[in-house]
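Protein chains in written order, with numbering that gives the first Met the number 0: chain A, 0 to 311; chain B, 0 to 247.
Honestly, the hints are just simulated from the structure, not real lab data.
Hints may be right or wrong, so weigh each one.
Here are some chain B residues pointing at chain A (derived, C-beta under 8 Å) [said to hold, decoys possible]: (1) I55; (2) G61; (3) H76; (4) N80; (5) M110; (6) V179.
The C-beta atom is built at its ideal place from N, Cα and C for all residues, glycine as well.
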Amino acid sequence: MSNAQTAYSEDVQDMLKVIADLTGPPAGAYNIRVDGKSVGRQSSSNIEIKSKENGQGIEIYVRPGTKGEFVHIPVVVDQSGFSDIVYNDFYIGEGADVDIVAGCGIHNDGTHLSQHDGIHTFHVEKNAKVRYTEKHYGEGNGSGERVLNPVTVVHLEENSYLEMETVQIEGVDSTKRVTNGDLKDGARLVIKEKLMTSGKQRATTEFNVELNGVGCSANVMSRSVAKGESFQAFYSKIDGNNVCAGHSECDAIIMDNACVKAVPEITANHVDASLIHEAAIGKIAGEQITKLMTLGLSQSEAEKEIVKGFLK
Amino acid sequence: MLELKNISFSVTDDAKHKSKEILKNVSLTVDEDSFVVITGPNGGGKSTLAKIIMGIEKPTSGRILFQGQDITELDIHERANLGIGFTFQQPVRFKGLTVKDLLRLATKKDMRTDELCVYLSEVGLCAADYINREINASLSGGELKRIEIAMLRARGVELSVFDEPEAGIDLWSFQNLIRVFERIRDEKHGSVIIISHQERILEIADKIVVISGGEIAKTGKKEEILPQLLSESPACCEFYKAKTPREA
Ligand SMILES: Nc1ncnc2c1ncn2[C@@H]1O[C@H](COP(=O)(O)OP(=O)(O)OP(=O)(O)O)[C@@H](O)[C@H]1O
Ligand SMILES: [Mg+2]
Chain A
0 MSNAQTAYSE
10 DVQDMLKVIA
20 DLTGPPAGAY
30 NIRVDGKSVG
40 RQSSSNIEIK
50 SKENGQGIEI
60 YVRPGTKGEF
70 VHIPVVVDQS
80 GFSDIVYNDF
90 YIGEGADVDI
100 VAGCGIHNDG
110 THLSQHDGIH
120 TFHVEKNAKV
130 RYTEKHYGEG
140 NGSGERVLNP
150 VTVVHLEENS
160 YLEMETVQIE
170 GVDSTKRVTN
180 GDLKDGARLV
190 IKEKLMTSGK
200 QRATTEFNVE
210 LNGVGCSANV
220 MSRSVAKGES
230 FQAFYSKIDG
240 NNVCAGHSEC
250 DAIIMDNACV
260 KAVPEITANH
270 VDASLIHEAA
280 IGKIAGEQIT
290 KLMTLGLSQS
300 EAEKEIVKGF
310 LK
Chain B
0 MLELKNISFS
10 VTDDAKHKSK
20 EILKNVSLTV
30 DEDSFVVITG
40 PNGGGKSTLA
50 KIIMGIEKPT
60 SGRILFQGQD
70 ITELDIHERA
80 NLGIGFTFQQ
90 PVRFKGLTVK
100 DLLRLATKKD
110 MRTDELCVYL
120 SEVGLCAADY
130 INREINASLS
140 GGELKRIEIA
150 MLRARGVELS
160 VFDEPEAGID
170 LWSFQNLIRV
180 FERIRDEKHG
190 SVIIISHQER
200 ILEIADKIVV
210 ISGGEIAKTG
220 KKEEILPQLL
230 SESPACCEFY
240 KAKTPREA
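Take the sequences, apply the hints, and build the full model.
And the structure:
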């Protein structure tokens, strides 16, 4: 075991397992941030991670042509009442093909609000490919709120590709997620969001996509489950400014006394812009529950399996 | 092993403010390890009767006995756990749940690919191609029907109720499906009720029940009922033969 790992508290280790599937320092490039400080960092020969000059985050440089490497940048907030804001900039060189695993976990056993606002900016050069996954998770026994407000900005150069998968399943009291993208010729952006809220949690998602280049495309998909008294809002704005294709889809299961709102806005500024928005909000289909009950599951077990499958 | 005693089922028609009787005083016995085929005209009440056996609909009056136990008041999953299984005439689709997930829920255990293969290949599907497919709109109607059948087979229950299992299955697969049902009959492990309009399926029955207008119109041994059914020509054909609109 390395020193870096033994230095983490148990809570922090648990969090790293949940949000980044890490049981120790990962192979390849990484930066682990706990309570606002970098507690472990490694660059690889192709990927350089360095602190910003103003100290408010990191810059990640991926060399052109880098293939099959991972970058892990998990963040944990373990101290009740801690409010963290960080700016991370990614520079993905031409033709690179990498996986970036981010994630933020808040463990709050105290009474104060703990918050993490991560602003991630991606500069994806020509023909580069990025798979970006981000998991959000909150836990702890305190009454202090757990707040996460991630902002992701994606600049896609010609024929580049970014696929973003964001998951927030449990324990975050309030979240406002903003994702902005602009795309040049032939660029593609795919966003998959999975969200579950319960209790009095609130989650707002906002997507703003500018389809500027010839033949560029964006596909934004959100699947969510709202339970208890929780509230979810889904805003998706896609502007088609060229020959392009845009698709956004919001599919929500509503339970108990929850509230879900979906507001699509699609604007075609070009005759060959093809834009589609689909939104469906509803309770679990009765016949789905019936089917699982014919296999021997009770009604509540059936609902649980349907939700689990839906968010998988 | 299954006894339906004077089952009636009515629904209230909201538009007309009156109740509509869908099943009228239906009594039926299914013997241990027997193979019963229910047939009859569309809208006759066959699917409704199957749903009443599974507990999806509750009868307005009458009792249901399963292996001597009165199950009339039991919920769907309780009946399922006693050993009753049902395939839907129109299988349900799920977003996210895969073939493997449903088979795991059906059998209550994690099955290896080779185990899943046994059940899926029986209905003509290659496990490798299907286990990770979602049971969603991307599956064809015929594929969905086959998965539905495989799921019930995998459960290995005492009483299996199939609602028009052959509907939407292509001709080649139909031959194989008949073989599956012949095997089920010969295995003599549990009783089977199949709702079907197919002569080939009627042929493998021990007992045939004809339901029409919510009532049992005929019931008896296959040898007795099948020749009668084949000699009758449906009324609509007479009409059709008499005159086409163009000639009129
Ligand atoms: N909930 C309901 N409300 C109103 N009418 C119903 C309801 N359920 C069934 N029915 C009616 O009861 C009749 C019997 O339906 P059922 O589905 O049992 O027929 P079936 O014999 O299975 O027909 P098919 O061969 O077409 O499958 C039909 O006329 C149907 O429209
Ligand atoms: Mg029917």
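Hint-by-hint comparison with the structure:
no., hint, in the structure
1, I55, "6 Å, holds"
2, G61, "21 Å, violated"
3, H76, "4 Å, holds"
4, N80, "5 Å, holds"
5, M110, "14 Å, violated"
6, V179, "20 Å, violated"
Consistency note: the structure conflicts with the earlier hints numbered 2, 5, 6.
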